[in-house]
Amino acid sequence: MARSQPTSSGSPRFVLMAAALAGVLVLVAGVLIVIAFRDAGKGVAGNPLAGVIGGKFSLIDQNGKPFTDADLRGKWRLVFFGYTHCPDVCPTALNDLSLALDQLGAKKTQVGIVYISIDPERDTPDILKSYVESFGGPIVALTGTADEVKQAAQDYKVYYAKHPRADGGYDMDHSALIYVMDPQGRFTATFTPDDSEETIVKRLQKLLG
Amino acid sequence: MRLHLGALAAGFGFWLAAAAGAMAQTGDLQITNAWARATPGAAQTAAAYVTIISTTGDRLTGASTPVAQKAELHTMTMDGNVMKMRQVDGIDLPAGQGVTLKPGGYHIMLTGLAQPLTEGQTFPLTLTFDKAGTREVTVTVQKVGSMGPGMDMPMHH
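Heads up: the protein sequence lines correspond to chains A and B, in order. Residue numbers 567 to 775, in the numbering used here, belong to the letters of the first sequence in order. Residue numbers 71 to 227, in the numbering used here, belong to the letters of the second sequence in order.
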């Protein structure tokens, strides 16, 4: 069956394989990033991915105000992609990060959390506003048009895809890494959702010096 | 005499009801620690968690609650760094082994919440099992982002 079909780049099989390959590449990249930067200290200068993770984006925050990559500067930022219909991992991560920042004492003001929705269809600024207020941390929540969100996700090498549910609704599959950006907006390290609050506090204290 | 019989029947009925009540608690299922997280803001989805021990082995196949349009069994898996939420047909309960639904694994996903879930609130949740039929438990709502049933770490302010 497959043999009799002429191979063409438009065939569904080719598209499927290309998509699978792309998926694998994203996963491999993600794993490499984690391995390379789990214990990264302060050395931004020697960080080969400093210029690879991050980039220009233009979104709006939970108050409807524009927020671009330039607005990341001036503070350490913990950048995390998620969606408000996610009942499990996203709230856990936002809560852990908020509690971790509470333990930084006076240095708390040097760090902010940036939560970027990969579900702009449902996550309007209003929804994001009431959502992040529940966590009490210094959280900027961002959304935008589908293209704007796609751009931001590409900057951070974040994979996301809709997964339809039987009832007509959908969940989002998405990369769940937390990116640490320094006050110059440069990528410095990652956390994973498995990192405990204690681990995050320790590593942030090391980074903040 | 007629009155006497009536009293006897009432007494028997009461005994029957009491016995049935005790059965529900001491049957082959122990369901404890039913809890859910308060919903952040206007979120219309929430997750409920529970610990189940089946002495003879069973399978959890469904759930329902008046507070949500739907209650589905879901699992969260990590594929590399990609988080995936998937509905499952059932959750096996091997004989004598406790199965705990908890953040980062199996959960009962509640969608279409009529009202936000607030800390301290309780609501009924009906669980359906292959063998044991249905059981109703009371779910207690914990803080937003809680990791367990009433085991929150003290705040570090």
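None of these hints come from the bench; they were simulated from the model. None of these values were measured; they are calculated from a predicted model. Any given hint might turn out to be false.
[Said to hold, decoys possible] Label pairs and their calculated CB-CB ranges: (1) B:T121 <-> A:A727: 31 to 37 Å; (2) B:P164 <-> A:T758: 51 to 57 Å; (3) A:T675 <-> B:D98: 54 to 60 Å; (4) B:D200 <-> A:G630: 26 to 32 Å; (5) B:T131 <-> A:G734: 50 to 56 Å; (6) A:K716 <-> B:T126: 47 to 53 Å; (7) B:G132 <-> A:Y736: 30 to 36 Å; (8) A:E687 <-> B:T147: 20 to 26 Å; (9) B:K140 <-> A:T690: 38 to 44 Å; (10) A:E764 <-> B:G166: 38 to 44 Å.
Virtual Cβ for every residue (Gly too), placed ideally from N, Cα, C.
Could you check the structure against the hints above and give me the numbers of any it violates, in ascending order?
2, 4, 5, 7, 9, 10
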